[in-house]
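S.K.: Below, each chain spelled out in residue letters.
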Amino acid sequence: MDHSQQVATPETLREIKRGRAVGLAGKNFSGRTRLLRCWTGFDAWDGGQEEAEPGKKELSAYIGPEVYNSISGLATTVRQELLLHSPDVLDGNPVSGLVENLRLSSLYERNPFTLSGGEQTCLAVASGLALGPRALAIDCPTEQLDFEVKVRLLEWLSNGAGAGTATVIADNRLAEYEDEFEQVVRMREELSCESPERHLHFEPLAPEGNTCGMHFAPCGMRLDALEFGYAKGPGVLRGVSASLEPGLYLLDGKNGAGKTTLAKVLSGVLRPAEGRILVGGCEARPWREPGRVVGYHFQNPDLQLFSTTVEEEVVAGPRALGLRGEELLRRAEAALGAFGLSRIRGQHPLDLPFVIRKRVALAATLAMGRPWTILDEPTLGQDDATSEAITRIIANVLSCGAGVIVITHSQWFRRRLPAKVLRLESGVIAG
Amino acid sequence: MVSSEVKFEQPHPVARGIATVLALAGTFCARNVVAVGVAWLAVVLPIAVVAGIGRRHLQFVLAIVAPITVALLVVWGWLVGAAPGAAVGSSPEAGTRFAALVGLRLALLGGIMQLCLLSIPTGDLVFTFKRWGLRGEGLVIVVGAFSLLPELRLRADQVLSARLARGFVGKMSLLGRARQLPHLLRPLFAWALRSAVQRSEMWEHRGLILRLQSAAEQARAWSGLTSITYVGLSAAWLAYNLLRMRQMG
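Residue numbers (numbering that gives the first Met the number 0), protein chains in the order written: chain A, 0 to 430; chain B, 0 to 248.
Incorrect hints may have been included.
Computed spacing ranges between beta-carbons, pair by pair [as the list claims (entries may be wrong)]:
1. A:K16 to B:I227: 29 to 35 Å
2. B:L209 to A:R17: 34 to 40 Å
3. B:I227 to A:S425: 46 to 52 Å
4. B:Q212 to A:P233: 33 to 39 Å
5. A:G91 to B:Q212: 51 to 57 Å
It should be emphasised that the hints constitute simulated quantities derived from the structure, not laboratory data. If you're wondering where the values come from, they're calculated on a predicted model, not measured in any experiment. Yeah, the Cβ is synthetic: ideal placement off N, Cα and C, and Gly gets one too.
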C-alpha cells in the first residue's frame, strides 16, 4: 500500500498502470475535476490536447458528481444500458461479477432515471467499466454509496478484474476507506478556494451566526403506520412508525430502501396511502400544505433552484411562508452569511459550480426555519472543511430546538454529529 | 414510454412499417363514418388492448380526441348546421356526420401510430429503427427521444416536488399544479442544456454511437403470422376505402 503524500499531477496520473485503482484526495476547487477531465481526454491539458494516433483512439469514461448525466440516455432499461456498453456484460464479461456484486441484476427492467442516487452511481460505474476503457475517472459520486458497496467495488478493482482500465476515484470521504487503495495521491492544497473557471472567490462558511430563524415553536412528530407505494410497483413504506422528539436523527438504510420516499411523505410532496403524521400531538396532513411543517433539502440541487440570483433564491422560501420586511432580510442575511454566499448574492445560482449550488440549496432550505428539516446528503461533494462547517450550522439549528433528519452515507458525518438512527429496512423502521 | 411488457407476438419491423403506412393511407381516404367507427372499435382498440397499450390509447382518446370531437359537433352540427361547403343550416345531420367522421379518423390515426411505435418492445427499438432506414446520428436522436420523454416527465416531477417542499405551491390541487407550469421551464431548460452537453461528450468518449449501430445487429425471432395479419388488414382497409372513393366518384 502506497499512502504517501504523492502530489497528483498530470504525470502521476499518466503513470497509473492498467488494472490499478488509485484514490485521489483534495479540497474543493483544488483543480481535481479539471485534472480528471484532462486525464480522461474530456478537456485539453495545458499546452494542447494529445492527439492519439489515427485509428488508435482509446475509449475513456468520466463520471462526475451529477451522476445522472453519466447515464447514456439511449436506453430505457438498466439491462439495455449495460448491453449498450458491452454486449456480453451480463454473461461472460469480467464486469458481470461486478454487476452482481453491486446488486444491479434486481434492477434490470427499471428505467435508469428512476433509480436512487446510489443505484445510478452503481450503474454508471458498471457501465463505464464494461466498456473496458483506457481510463475511468470517478469524480465524487461514490459519496452516495453504502460503505460496504464502496469496499466491494474497490476489492473488485484491486483483484485486477478491470485489467484493461486504470481507475481513479476522487472522493471527499476518501479517508474512510483509504486503506483499501493500493495508492492514494493528493491535490496540492494551495490551489484551494478559487474557482478556476470564473475566478470567483468563495467565502468560507461562517456557522457561528444565528441561522435557524425558527418561525414555529419546537414540536415533536409521530409517524403512525405510514404506508406508500408507487404506481405499478411494490410498497416502499409498509407501516413506518416512530416517535420523534426535536433533535438530530439519521435516516439510514441501503441504497433504494425508501429513505427519499419517506422524506417526501413527511414533507408533503407525496401523500401516504395509509397512516397518520402527528405534529405537536395534532394530526397533520402535510400533503395539503407541503413545506409548512417539514422543510426538505433534495439530494440534487439543480432541480430545486428557481430564482435568478442567489439572494432571491434564499428569500423565496421564507417569503412563500408569509415572512416580510426586516424579519425576511434578517433571515436571508443570516443564511447567506452562514453559507459564505454574501459576495456572490447577485450571481445566477445555475452559473455556479456544483459544490456551491449545493450550498445555495441548503441555505434556501434552512432559511425557511421549519420545526423539522430533512437534509438529503447535505455534504455531497463538499470537502472536509466545508462539511465540518455544515455540521456546525446543523448543530446551531438544533440548538434552537428544531428537529433535523439527515440522510447520508458518510461515516465521517455520523462520527461528527451523534444522532439517533432510524434504520429503514423492508419498508419499516427496524428496531 | 415504450411498453416493455408486450403480450403478443411481434411483427417484423418492415411489416410493421408497411402496415402502418397502408393503414394511415386507408384512414385518410375513408369517407364512411360507420366503417371508420367499426375499424376503430373492432380492430384498433382490441389490438391495442392485446398489445398492452389499451389504457394509453384510451387516455389519448379521452384527453385529446373526445374534447376535439365535442367541439366539432357543437360547431358543425349545431352552430353551422351543415357540412363544409353547404349552406348554413341546410343539414345539421350532415354537419354532425362530418364532425363524427373527423373525430373517429383522429382516434383511428392516433391508434395506428400508437400501435406502430408504443408496442415495440424496448429491446427491439434500435433494430426496428435501423430496419426503417435510420443510421448514425439520426438513429441516436430517435432512440434518445424515446428515452428523453420519460426522463423529462421525471425531471418535471422532481422540480414540482422541490417547489412543493419549498412551500411555493399552496395546495396540491390540479389547478395549483397547472399554475406551476411556467416555473418548471427554467430549471428544466437548464437541466436539458447541461445534460445535453455532458451526454454528448460522454457518447463521443465512450464510442456509444458506433455501439448503438452494432447493438442494432442483434436479431430476434419475429412472428410471420402477425406480420401477414398486420399487412393484410391494412391492405384490405386501404383497398376498401379506395373502392368506396371510386364508387362515390
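S.K.: Evaluate each hint against the coordinates.
M.R.: Consistency of the hints with the structure:
1. The beta-carbon spacing between A:K16 and B:I227, approximately 58 Å, falls outside the hinted interval of 29 to 35 Å.
2. Checked against the given bound of 34 to 40 Å, the beta carbons of B:L209 and A:R17, roughly 22 Å apart, lie outside it.
3. At roughly 50 Å, the beta carbons of B:I227 and A:S425 sit within the given window of 46 to 52 Å.
4. Between B:Q212 and A:P233 the beta carbons are some 37 Å apart, a value that agrees with the proposed interval 33 to 39 Å.
5. In this structure the supplied range 51 to 57 Å is violated for A:G91 paired with B:Q212, their Cβ-Cβ distance being about 22 Å.
Violation of the numbered hints given earlier is confined to hints 1, 2, 5; the remaining hints are satisfied by the structure.
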